[in-house]
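Asker: From first to last, the protein sequence lines are chains A and B.
If you're matching positions, the first sequence starts at 1 in this note's numbering and goes up one per residue.
If you're matching positions, the second sequence starts at 1 in this note's numbering and goes up one per residue.
Mixed in with the good hints, there may be bad ones.
[Stated by the list, open to error] Here's a subset of chain B near chain A, in silico, CB distances under 7 Å, partners left out: (1) Ser58; (2) Ser59; (3) Asp407.
[Said to hold, decoys possible] Quick list of the computed label-pair ranges, beta carbon to beta carbon: (4) B:Arg188 / A:Pro52: 47 to 53 Å; (5) B:Asn195 / A:Gln53: 33 to 39 Å; (6) A:Ile87 / B:Asn195: 28 to 34 Å; (7) B:Gly47 / A:Ala179: 51 to 57 Å.
Since the hints were derived computationally from the structure, they do not count as laboratory data.
For clarity, every value in this text was computed on a predicted model and none was experimentally measured.
We treat Cβ as the ideally placed atom computed from N, Cα and C, and that holds for glycine.
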Amino acid sequence: MKRARALIATLAMLGLAGCVSINRVPAGPVALSKGQSITLQSDWAEVTPVMPQRQNAVRVLSIDGPALNRLYLIQGLPSGQGMVKRIAKEKPVPVFRADLSPTELVEFIADSVTAVGFQRVETSNLRPGRFGGADALRFDLNGVTATGLDVSGTAQVAIVDQKLVGAIFLAPSEHYFPAMMPEIETMLSGQATQAAQPAAYQASYEERVAKSAIPPSHALAPPAPMADVANSSTIPLPTKSVAAARQPAPAPSQRCGFVEQANGTLKLVPCI
Amino acid sequence: MSWLRQSAAIAASIALLLNATGAAAQPAFRPANLKPNISSAEAGIWGASDKAEAAIRSSADLNRDVQLTAYVKGVLCRIAPEYCSEIRVYVLDRPFLNAGAWPNGAVEVNSGLLLRARTEDELSFVLGHEVTHFARNHSLRQHENEKATRNAMLALQIGVTLGAAAAMYSAASTGSPYASSTIDSISRSAQSLNNLIYLAGVASLFAYSRESESEADEFGFKRYHAAGYQAAAAPSIWHYVEDENAASDFDAVRRSQARASIYMTHPITGQRIAALSAMAGTDAKKDPSREEQLRYRAAIRPHLAAWLKDDLRRRDFGQTLFLLDRLSEPGEDLGVINFYRGEAFRLRRKDGDVEKAVAAYRVSVSYADAPPASYRELGEALRKIGDKPSAQEAFRTYLQKVPDAQDRWLIEASLKSLETGGLK
């Protein structure tokens, strides 16, 4: 009997060795970069290993599983990299650049959240924030999962030493987001060593623009010739969000039509 | 090389054989409102389709604009009045030119198609193609064909294996000193033949798919043309696909339709254009009038900006810029179109793109339909190239246009910095 148990345990261990491990991340400070950290208010689980598309500088934590709540920690994403890995040359992903304007930075986060699988991602309530000693951007997000579940989120990001640091929290709008928000709010606002100043983020951005690669010799391009058709109509456009991102569906598959999948279910890959 | 040729010849022969055994003849048109017998295989497929349709209804992609959906359904009903009551149309906000028909009568239409069609005629041809898939039960037949072909492949492979086993037994029985190498040779030949049967089987499935697509083009053409739509629209939309692919930033996309292959689900675009042009005859090259284009634009206008934003997120700026040029043709919506042209240059970040973005934003703001963000992005781009006064003016106009902008504090900080000379 004992031998059988030992054999089962050994087989189970061997089986598990082929699986990824989900480690506990205890409550307490987690470094994002040299001068920036966040303090987790409770224990989280590190689900990074089950998020294969993320870059090395991005960790993902969760309490109830990534479908119910996830906290992205961006720990110094270098310029030229995206939060998610590019899977094919013809399928580019949003890329972070150190000289992104504040609006572009918010757009980058919204696009990245879209690239990890959320849809119709919109941002709102853009406000100044602080990350340790750095000026940050704080904003809220909302979107939908592919199956139509409403998701809410909040993010705080800063560019420190030409790298992106920040935290993005996402959870279903019903129950999970409001339930976690007090902890997340404490975590994000607890980083301020001084009150956030509206002008401060802009000033730090301007510093980066001044250092950016745009050569001063760039002359102002002459205005393009006006289009010769004057007829135009007015289209009401949303002004609420800085970046509204809608998820493009996956690229058309090589195989299309009504096909039987490996598990025996049927699937339509549309094609014309 | 001769080995390759021989293999190809054998594979082609097997494919023909499999086509003959496995492929069901293309079906006749299904009667309207026909429901499958509950005990039939078709009923099972309908059940799966119903589940998929339920998923579409709650999908995040679903465009819930009732008016737009009614418009597309109206076009479909015009070309297929007999199926009008049983077909359900779903517009999906997906930035790829595509559409699909489920066996149960659900039709998906991507926003990428609606954005790229120039006229209702072009849209109606694609809908005609999809209705043909439904009307001829193509999905069901393809499913049946796949099963039959797989069975035929299996039977052939078992036959080859049994034959090889018998030959090996016979070789072993001779007691010849070369028996071992003969057995080895028979074994390898049988393996190669089984591999060829597999490849030929797969090729035969794709060939059937291409036949169905060609048929959908043919009957789709007849259907939409009979409903009074312009014959030139069918080749025209495919010409556009070819041209947009050629404008792609990516080699793989540019090459995607260049060569035919036996493993393609669809005929190559060039062949489709040739077939449709032949059907259109002398009308094949007739361009749509501006009025026709504007009539169609009115139907999609409420979604133009959102769909262009979706398209930009594919990050194939060559294709998006090509699309924007096409959308500019009738000379309307130029504020929106040029804003997104500017956005394409801003996001592409190639040498000289900041200047191109400035030029596009400037054109945008000269039209009444320019999104307020045009002014903000114009200001940002002008600032990057060092034109402080113009940048200030653009930022101020942005704040006037959107007094409660959520990024007001950032823009005000920018203005302050520009006034004090803090920016390069």
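Asker: So which of the earlier hints does this model not fit?
Answerer: Structure breaks hints 4 and 7.
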